[in-house]
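Just so you know, the protein sequences line up as chains P and R, in that order. For the first sequence, the residue numbers in my numbering are 1 to 250. For the second sequence, the residue numbers in my numbering are 1 to 244.
Hint data in this document are derived by calculation from the structure and do not stem from the laboratory. Every residue, glycine too, gets a C-beta built ideally from N, C-alpha and C. Treat the hints loosely; a few may be bogus.
Claimed, not checked - Here are the simulated distance ranges between beta carbons:
id, chain 1, residue 1, chain 2, residue 2, range
1, P, SER140, R, THR19, 15 to 21 Å
2, R, ASP122, P, ALA132, 17 to 23 Å
3, R, ILE191, P, ALA132, 52 to 58 Å
Claimed, not checked - Which stretches of chain P does chain R cover? Using the computed rule of at least three CB atoms under 8 Å from a CB of chain R, they are:
id, stretch
4, 52–59
5, 100–107
What the hints assert, rightly or not - In silico contact screen, one side only, chain P against chain R (beta carbon under 7 Å); selected entries:
id, residue
6, SER75
7, TYR84
8, ASP114
9, ARG116
10, VAL241
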Amino acid sequence: MTKTEGGPAVVIRGLNVVRGKRRVLPDLSLVVPPGQVVGLLGPSGSGKTTLMRAIVGVQIIESGTVTVLGHAAGSPAVRDRVGYVTQDPSVYLDLTIRENIAYFGRAVGLRGGDLRSAVDRTLVEVDLVSHADDLVRDLSGGQESRVSLACALVARPTLLVLDEPTVGLDPVLRRDLWNLFGDLATQGYSLIVSSHVMDEATRCDRLVLLREGRVLADVTPAELLAMTGTTDADTAFLALVEATDERDVR
Amino acid sequence: MNPGLTLATTARVLRQVRTDHRTIALIMVVPMVLIGLLAWIYDNTPVFDQVGPALLGVFPMVVMFVVTSVATLRERQSGTLERLLTTPMGKADFMLGYALGFGALATVQALLVTAFATWVCDLDVAGPVWLLVLVAVLDAVLGTSLGLLASGFARTEFQAVQFMPAFLLPQFLLCGLLVPRDQLPDLLRWISDLLPLSYAVDAMKGITALTDPLAEVASDLGVVAGFIVLALALASLTLSRRTP
Chain P
1 MTKTEGGPAV
11 VIRGLNVVRG
21 KRRVLPDLSL
31 VVPPGQVVGL
41 LGPSGSGKTT
51 LMRAIVGVQI
61 IESGTVTVLG
71 HAAGSPAVRD
81 RVGYVTQDPS
91 VYLDLTIREN
101 IAYFGRAVGL
111 RGGDLRSAVD
121 RTLVEVDLVS
131 HADDLVRDLS
141 GGQESRVSLA
151 CALVARPTLL
161 VLDEPTVGLD
171 PVLRRDLWNL
181 FGDLATQGYS
191 LIVSSHVMDE
201 ATRCDRLVLL
211 REGRVLADVT
221 PAELLAMTGT
231 TDADTAFLAL
241 VEATDERDVR
Chain R
1 MNPGLTLATT
11 ARVLRQVRTD
21 HRTIALIMVV
31 PMVLIGLLAW
41 IYDNTPVFDQ
51 VGPALLGVFP
61 MVVMFVVTSV
71 ATLRERQSGT
81 LERLLTTPMG
91 KADFMLGYAL
101 GFGALATVQA
111 LLVTAFATWV
121 CDLDVAGPVW
131 LLVLVAVLDA
141 VLGTSLGLLA
151 SGFARTEFQA
161 VQFMPAFLLP
171 QFLLCGLLVP
181 RDQLPDLLRW
191 ISDLLPLSYA
201 VDAMKGITAL
211 TDPLAEVASD
221 LGVVAGFIVL
231 ALALASLTLS
241 RRTP
């Protein structure tokens, strides 16, 4: 698969999304640079999932443009270069781990020896080699979400969009996955990873803090701490929220 | 549309069914049990030879309709469909993949039930048995494609199962088995002309009565095939890449 060719991974201009009666994203603009792990942080209900759905092109949007790797989000030109992992595992419970990963590999055109080696590599990355031929319905919740992640990793997409990929995983595995995300970014792949666990923020190259559909900050972890005068991401987020609230009151 | 992606989906659907032994048993055995029961009820009368062939088409169709509509509904609800549509997999690849996968199951089912009806229950038709098998396969594939279409309108599994009586029973009442279609009230006859099962049953009746029914049956089979294509095309339209 090709890496991001120079330009930004994602460019969003004036994005408006309404779900039900609520305006989830009001006029959001954002540029995601290539070759970085960008953390999308914010409380639940802040619009993280909606933003990610807009980036992979499955969200009906009211107005605005979302450009991914130089093309319209969700257009055929980028579908084999964008990987999406939903918050709830979306895999086939009545297939084995290996069959799940292989099917999503075939969906992006991998065949034969390439497919086999990609599946084997992915099994190692998510630490499921010993369970490869177990049915997914016999796995634990954490294992199931790793299968879901593997189904996106197998294709080595240029842009990987991961919605809370580390929920329910033990600390060792979380560390390993964040190491993998970092390695991928070093190789030139772009990642957008959402989380509401603020301590994961330090593992990102860049942070986008979202609250009620608005971008509170789009900075590096070091800049976030410096601008808020705090020492950890949790406190920094609270400081930012309070600062914004004061501005709104005035 | 891409043959590689379609066949990948077909293989995946068949692998999924493979792990569910009870479903395979139900798909294969239920039509045989029903045909056996019918032969027994009409033992020593000519009725089984008259209605048996038509029901040979109806029973597999009902079974495949229910299996397919629930399977695709599960795919919509589990999020795997949405995920697939973010990949190069096309809507047509998805629908055809399912149709081919369940079509393969339907073929095995039709072979079994026709063999059972002919050799165990002594079903006697004027026309060739292979044509009986062909019509039974087409009917089962029709059930699959109507099931794919119906699942697009179901939000829950309860609804999907309820579509069976809603989609299929009216067709059964009007298909000419209870009252010959030309003796129906005009309005009902016109409606029955618009329903696929009417043509499937007409074809089966042709095989029952004629020693060389190919010419008669070919046009009915063409109409059934047309309905299969139409149902699949409409079913693809119920898939949308973008959702609210």
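Each hint, compared with the structure:
1. One distance hint, 15 to 21 Å for the beta-carbon pair SER140/P and THR19/R, holds here, with the actual separation near 19 Å.
2. In this structure the hint that ASP122/R and ALA132/P lie 17 to 23 Å apart at CB is violated, the actual value being about 50 Å.
3. Judged by the Cβ atoms, the range 52 to 58 Å given for ILE191/R and ALA132/P holds: they are separated by roughly 54 Å.
4. Check on the stretch 52–59 of chain P: 4 of its residues sit with their Cβ under 8 Å from a Cβ of chain R, so the three-residue criterion for coverage holds.
5. For the stretch 100–107 of chain P, the stated coverage by chain R holds: 4 residues have a C-beta nearer than 8 Å to a C-beta of that chain, and at least 3 were required.
6. Using the Cβ-Cβ criterion of 7 Å, the hint placing SER75/P at the interface with chain R is not satisfied: the shortest such distance is roughly 10 Å.
7. With a cut of 7 Å, the hint placing TYR84/P at the interface with chain R holds, because the nearest CB-to-CB distance is about 5 Å.
8. For ASP114/P, the suggested interface contact is broken, since its CB lies about 13 Å from the closest CB of chain R, more than 7 Å.
9. Hint on ARG116/P is violated. Least Cβ distance to chain R is approximately 14 Å, over the 7 Å limit.
10. Residue-level restraint check for VAL241/P is violated (minimum Cβ-Cβ distance to chain R is 28 Å; threshold 7 Å).
In summary, the numbered hints that this structure violates are 2, 6, 8, 9, 10.
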